[in-house]
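As given, the protein sequences belong to chains A and B, one line each in that order.
Under the numbering used here, the residues of the first sequence are numbered 2 to 112, in order.
Under the numbering used here, the residues of the second sequence are numbered 4 to 115, in order.
In case anyone wonders, no lab produced these hints; they're calculated from the structure.
Backbone N, C-alpha and C fix where the C-beta goes; we use that ideal spot for every residue, glycine too.
Don't take each hint at face value.
[Unchecked claim] Okay, derived cross-link-like pairs now, DSSO-like style, lysine-lysine, Cα gap no bigger than 27 Å in a straight line:
#1 B:114 x A:58
#2 B:114 x A:72
#3 B:102 x A:66
#4 B:57 x A:58
[Stated by the list, open to error] Distance ranges between label pairs, derived from CB positions:
#5 A:57 x B:11: 29 to 37 Å
#6 A:63 x B:80: 43 to 51 Å
#7 B:43 x A:60: 29 to 37 Å
#8 A:74 x B:112: 32 to 40 Å
#9 A:85 x B:10: 34 to 42 Å
#10 A:2 x B:10: 28 to 36 Å
#11 B:77 x A:16: 25 to 33 Å
#12 A:100 x B:80: 18 to 26 Å
#13 B:84 x A:62: 34 to 42 Å
[Unchecked claim] Every beta carbon over 10 Å from chain A, so not counted as near; a handful from chain B, in silico:
#14 19
#15 24
#16 29
#17 32
#18 37
#19 62
#20 82
#21 86
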Amino acid sequence: EAQVTQNPRYLITVTGKKLTVTCSQNMNHEYMSWYRQDPGLGLRQIYYSMNVEVTDKGDVPEGYKVSRKEKRNFPLILESPSPNQTSLYFCASSWTGDEQYFGPGTRLTVT
Amino acid sequence: LAKTTQPISMDSYEGQEVNITCSHNNIATNDYITWYQQFPSQGPRFIIQGYKTKVTNEVASLFIPADRKSSTLSLPRVSLSDTAVYYCLVGFVDNQGGKLIFGQGTELSVKP
Chain A
2 EAQVTQNPRY LITVTGKKLT VTCSQNMNHE YMSWYRQDPG LGLRQIYYSM NVEVTDKGDV
62 PEGYKVSRKE KRNFPLILES PSPNQTSLYF CASSWTGDEQ YFGPGTRLTV T
Chain B
4 LAKTTQPISM DSYEGQEVNI TCSHNNIATN DYITWYQQFP SQGPRFIIQG YKTKVTNEVA
64 SLFIPADRKS STLSLPRVSL SDTAVYYCLV GFVDNQGGKL IFGQGTELSV KP
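Generate coordinates for the entire structure from the input sequences, incorporating the hints supplied.
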């Protein structure tokens, strides 16, 4: 089954404790992206990757890192999480950035 | 930078046609317009995409005027299961990448 998976689905952590949210897709897509969704602000792009070893900033990249060492994986790294990064995070993939397939989401709470 | 604006909410009844408009005044020449549907606790799901004029698929139509400063998603004969949030997305993609900007989302409520 074609899908985008994210782990963990739920995470509660404390300020400053480094964390990684994994994202994997099995569709051989070249394009992958991370979004955060907040009430009243909608979906905002954090980072995206057009292909392996190619990443670029989206609208709200501050406080996040990504890497794309393999085509199927695109982890999101929070080196020092802060409460304002409490959000619902979505990973997505597609061939070119057009018709994107979204993962189920990761709900992150930073206390 | 492209910015998208859409109504916050809309109400409809089963069987009616629903039109949701998104404005994107600063859309770049090679931006596509894409629409997504999102149910609670799920990721957005692709509905339709277009560049100009009219596009139709099995679930919706997308109308884009010549100036491309807006687009209208048309859902024919909605049902209760179409109650969801609908997002327009303006994409700018070329061989150097780009940014994707979502609208704020339109919460559609379909009543019996």
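Going down the list of hints, with the structure as the test:
1. B:114 x A:58: Violated, at roughly 41 Å.
2. B:114 x A:72: violated, 43 Å
3. B:102 x A:66: holds, 17 Å
4. B:57 x A:58: It is violated: about 32 Å lies between the C-alpha atoms, which goes past 27 Å.
5. A:57 x B:11: 29 to 37 Å: holds, 30 Å
6. A:63 x B:80: 43 to 51 Å: The hint (43 to 51 Å, Cβ to Cβ) holds, given that residue 63 (chain A) and residue 80 (chain B) are roughly 44 Å apart.
7. B:43 x A:60: 29 to 37 Å: The hint (29 to 37 Å, Cβ to Cβ) is violated, given that residue 43 (chain B) and residue 60 (chain A) are roughly 24 Å apart.
8. A:74 x B:112: 32 to 40 Å: For residue 74 (chain A) and residue 112 (chain B) the Cβ distance comes to about 38 Å; the hint holds.
9. A:85 x B:10: 34 to 42 Å: violated, 28 Å
10. A:2 x B:10: 28 to 36 Å: Taking Cβ atoms as reference, residue 2 (chain A) and residue 10 (chain B) lie about 35 Å apart, which means the hint holds.
11. B:77 x A:16: 25 to 33 Å: Taking Cβ atoms as reference, residue 77 (chain B) and residue 16 (chain A) lie about 46 Å apart, which means the hint is violated.
12. A:100 x B:80: 18 to 26 Å: Taking Cβ atoms as reference, residue 100 (chain A) and residue 80 (chain B) lie about 24 Å apart, which means the hint holds.
13. B:84 x A:62: 34 to 42 Å: holds, 36 Å
14. 19: The claim stands: residue 19 (chain B) keeps its Cβ more than 10 Å from every Cβ of chain A (closest is about 25 Å).
15. 24: holds, 16 Å
16. 29: Nearest chain A Cβ is 14 Å from residue 29 (chain B), so the label holds.
17. 32: holds, 16 Å
18. 37: violated, 6 Å
19. 62: At roughly 13 Å from the nearest Cβ of chain A, residue 62 (chain B) sits farther out than 10 Å, so the non-interface label holds.
20. 82: Non-interface label stands for residue 82 (chain B): nearest chain A Cβ at 23 Å, farther than 10 Å.
21. 86: Per Cβ check, residue 86 (chain B) is outside 10 Å of chain A; nearest 18 Å; holds.
Violated hints for the displayed structure, listed by number in ascending order: 1, 2, 4, 7, 9, 11 and 18.
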